[in-house]
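Colleague: Letter by letter, the chains look like this.
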Amino acid sequence: MKFQSQAVAKPYFIFALALFAGQILFGLIMGLQYIIGDFMFPYLPFNVARMVHTNLLIVWLLFGFMGASYYLVPEECDTELHSPWLARVLFWVFAAAGVATILGYLLVPYAELAEITYNHLLPTMGREFLEQPTITKMGIVVVCLGFIFNIGMTILKGRKTVINMVLITGLIGLAVFFLFSFYNPDNLVLDKFFWWWVVHLWVEGVWELILGAILAFTLIKVTGVDREVIEKWLYVIIAMALISGLIGMGHHYFWIGPGEYWLWLGSIFSALEPIPFFMMVLFAFRMVSQRRYEHNNRIATTWALGCATMAFLGAGVWGFIHTLAPVNYFTHGSQITAAHGHLAFFGAYAMIVLTIISYAMPIMRGRPQGNPASAQTVERFGFWAMCLSMLGITLALTVAGAYQVALQRLPEDSLALSFMMTQEKLIPFYWVRLGFGLIFFAGLVAYFASFFVGGKTVSDEESLVEGEARPAVCCGSCS
Amino acid sequence: MADSFNKGMARNIYYGGGVFFFLLLVGLTFDTMLELPKRDHRENITPAVANGKAIWEDNNCIGCHSLMGEGAYFAPELANVYDRYGQGSEETFTQFLQAWMAMQPLKTEGRRQMPQFHLTESEVNDLAAFLIWTSRINDNDWPPNKQG
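Chains as they are written, first to last, in the numbering used here: chain A, 1 to 479; chain B, 480 to 627.
Derived by calculation from the structure, the hints in this document are not laboratory data.
Take these hints with a grain of salt, some might be off.
[Unchecked claim] DMTMM-like mimics (lysine to aspartate or glutamate), calculated; alpha carbons at most 25 Å apart, straight line:
| no. | chain 1 | residue 1 | chain 2 | residue 2 |
| --- | --- | --- | --- | --- |
| 1 | A | 160 | A | 226 |
| 2 | A | 456 | A | 294 |
| 3 | B | 625 | A | 128 |
| 4 | A | 192 | B | 602 |
| 5 | B | 586 | A | 38 |
| 6 | B | 625 | A | 78 |
| 7 | B | 486 | A | 226 |
| 8 | A | 192 | B | 588 |
| 9 | B | 586 | A | 424 |
| 10 | A | 2 | A | 78 |
| 11 | B | 486 | B | 569 |
| 12 | B | 625 | A | 412 |
| 13 | A | 2 | A | 226 |
| 14 | A | 2 | A | 80 |
| 15 | A | 10 | A | 80 |
| 16 | B | 625 | A | 424 |
| 17 | A | 192 | B | 510 |
| 18 | B | 586 | B | 522 |
| 19 | A | 192 | A | 294 |
| 20 | B | 517 | A | 191 |
| 21 | B | 486 | A | 228 |
| 22 | A | 2 | B | 569 |
| 23 | B | 625 | A | 260 |
| 24 | B | 517 | B | 569 |
| 25 | B | 517 | A | 412 |
| 26 | A | 10 | A | 115 |
| 27 | A | 192 | B | 514 |
| 28 | B | 517 | A | 78 |
| 29 | B | 586 | A | 112 |
| 30 | A | 192 | B | 620 |
| 31 | B | 486 | A | 78 |
| 32 | A | 425 | A | 413 |
| 33 | A | 425 | B | 588 |
I would like the entire structure built from these sequences, with the hints used as guidance.
Modeller: Shown next as structure tokens:
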């Protein structure tokens with residue numbers, strides 16, 4: 001670790017992982033509720049479990065992004081973080097607000113939570129992913145502003161690298177577009193139209209900048225490839241992400257009220273959305289094959305390659321299969337959507353956070369060349385178990401979705417099966433999904449266990465001596 | 480990438496492309512805002528419809544159901560529930576919804592259960608008004624059939 005203040009990232013990463021575990025537990029409960037409809041009813045109705053599952057995801061990813069920023073920005077800037085104190089305070093504020101909100105979901109009926117938190121004064125609750133009480137949303141804004149101030153001040157006084165600039169642009173975009181969550185008009189069409197300005201412009205817009213920046217940073221560190229090369233790739237990838245993704249928002253405007261030209265715009269531009277993800281795969285594999293030295297944290301490199309690959313499959317391929325309007329007319333809001341959502345979020349965003357954790361956490365624990373080989377082996381098992389089982393979940397849901405479309409959407413009124421009857425037919429596929437969910441959980445347990453596996457670690461000096469072919473000559477950070 | 484394509488060019492594509500397409504999105508948004516009144520029949524948003532939307536949100540209906548295909552996929556689509564059960568009569572639909580909401584949870588073993596939300600009669604009326612209004616939005620004829 002180059003700077004002491006980078007260590008503020010540690011609690012962010014640990015807390016992110018704890019929330020990740022919670023997310024998976026609720027996911028498993030819901031997986032069972034899809035099969036045994038009244039499982040845990042009325043103590044944990046499906047809507048509560050889902051809200052906890054998705055909100056935990058969003059919050060742990062935000063914790064992950066924040067931890068990543070606190071770790072990499074000082075190093076990129078070549079200076080200490082502006083205020084480690086502020087970073088620590090905001091950690092506790094955000095953690096407390098997050099835990100209180102989740103407990104609110106679990107302990108009181110949602111309508112009561114809305115009442116207790118005076119939702120009627122500024123109604124923002126009860127919309128997918130934006131279920132947080134208005135007061136929590138305000139807290140998120142405050143935490144984000146404090147966080148961006150801290151990162152921004154650090155960048156202002158330090159080196160302004162491309163990675164820094166792309167990251168801060170993404171973070172500012174994240175904060176700005178979140179403000180649309182406070183706009184909730186009586187007109188459902190307007191509500192939905194601008195709801196996407198938060199959701200789409202996050203996950204298919206500014207979050208891709210954050211993803212690109214973290215991936216580029218990690219690749220510089222584990223491959224030693226010249227920064228100039230990596231930055232050029234980063235620019236092209238995020239350029240393509242914005243060029244395709246901004247108007248690509250049209251694929252959400254097909255069936256919620258906006259006019260017909262969105263059918264064309266949404267189809268054409270979102271068909272381009274796989275391109276940046278495909279370039280990310282080329283980028284990651286090429287940088288690793290051109291590496292200037294062997295970093296002993298091999299599993300961090302594996303995470304980086306895996307992240308690019310799984311993001312391409314989830315966001316790129318699984319996005320494309322249902323993004324064209326004539327296809328989406330039949331698949332919209334089916335299990336195909338769920339399949340895409342799972343693989344895209346895991347591949348792109350969960351895995352980029354796991355990538356930076358895999359790289360940075362050992363360094364913060366005094367292991368500059370990564371965890372001991374024995375721990376990396378366990379982590380590698382976790383990596384493969386989670387990736388393969390997530391692919392299994394995705395395939396199971398894709399088959400379920402295709403069958404759902406065939407039974408419920410394709411036939412005409414008199415022949416189509418009802419939603420509930422269709423769901424009964426899908427139960428075998430839901431069993432398969434749950435099975436893969438359990439494997440995912442096993443992978444997660446192994447991943448956590450890897451943090452506690454001891455063994456001999458390699459120091460930087462030893463790594464130079466051992467360095468098989470290519471010694472570390474340039475980390476690229478001086479250019 | 481070829482050396483003739485340098486970082487400066489990549490940066491210009493990023494800034495130029497990003498700004499251009501963001502401005503295009505803003506322009507299209509303005510155009511859509513002008514077009515929407517013809518499609519969303521906002522003139523029919525009565526206080527009952529508005530209150531129905533608030534009730535929909537306060538009870539997190541979207542946590543199980545989808546509305547115009549968005550939301551959760553655990554319970555039926557409701558943007559066309561009026562077309563499915565209303566038989567073309569607002570009164571019939573409202574009566575149906577009153578009865579249906581009062582019946583919950585159905586307690587059929589193993590079946591997905593909808594909680595009892597303890598809504599008053601007038602609240603269910605407003606919810607019905609909201610769902611009827613929603614069913615009449617011009618949404619390019621989605622869903623493909625009545626089942627949603």
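Colleague: Given the hinted pair residue 625 of chain B and residue 78 of chain A, is their alpha-carbon gap at most 25 Å?
Modeller: 61 Å, violated
Colleague: Check whether the Cα positions of residue 2 of chain A and residue 226 of chain A lie no farther apart than 25 Å.
Modeller: The given pair, whose Cα atoms are some 19 Å apart, holds under the 25 Å limit.
Colleague: Between the alpha carbons of residue 586 of chain B and residue 38 of chain A, is the straight-line distance 25 Å or under?
Modeller: 8 Å, holds
Colleague: Hey, residue 192 of chain A versus residue 602 of chain B, does the alpha-carbon distance stay inside 25 Å?
Modeller: 23 Å, holds
Colleague: Given the hinted pair residue 517 of chain B and residue 191 of chain A, is their alpha-carbon gap at most 25 Å?
Modeller: With a Cα-Cα distance of about 16 Å, the restraint between residue 517 of chain B and residue 191 of chain A holds, given a limit of 25 Å.
Colleague: Does residue 128 of chain A sit within 25 Å of residue 625 of chain B, going by the straight-line distance between their CA atoms?
Modeller: With a Cα-Cα distance of about 24 Å, the restraint between residue 625 of chain B and residue 128 of chain A holds, given a limit of 25 Å.
Colleague: For the pair supplied as a hint, residue 2 of chain A and residue 78 of chain A, is the alpha-carbon distance within the 25 Å limit?
Modeller: Distance ~8 Å between residue 2 of chain A and residue 78 of chain A Cα, so the pair holds.
Colleague: Are the Cα positions of residue 160 of chain A and residue 226 of chain A separated by 25 Å at most?
Modeller: 17 Å, holds
Colleague: So if I understand the rule, the pair passes when the alpha-carbon distance is 25 Å or less; does residue 586 of chain B with residue 112 of chain A pass?
Modeller: 23 Å, holds
Colleague: Against the 25 Å threshold, does the CA-CA distance of residue 2 of chain A and residue 569 of chain B hold or violate the hint?
Modeller: 69 Å, violated
Colleague: Does residue 413 of chain A lie within 25 Å of residue 425 of chain A when you go C-alpha to C-alpha?
Modeller: The given pair, whose Cα atoms are some 19 Å apart, holds under the 25 Å limit.
Colleague: Please work out if residue 486 of chain B and residue 569 of chain B have their alpha carbons no farther apart than 25 Å.
Modeller: The hint is violated at about 62 Å.
Violated hints, listed in ascending order, are 6, 8, 11, 18, 19, 22, 25, 26 and 28; each of the other numbered hints is respected by the structure.
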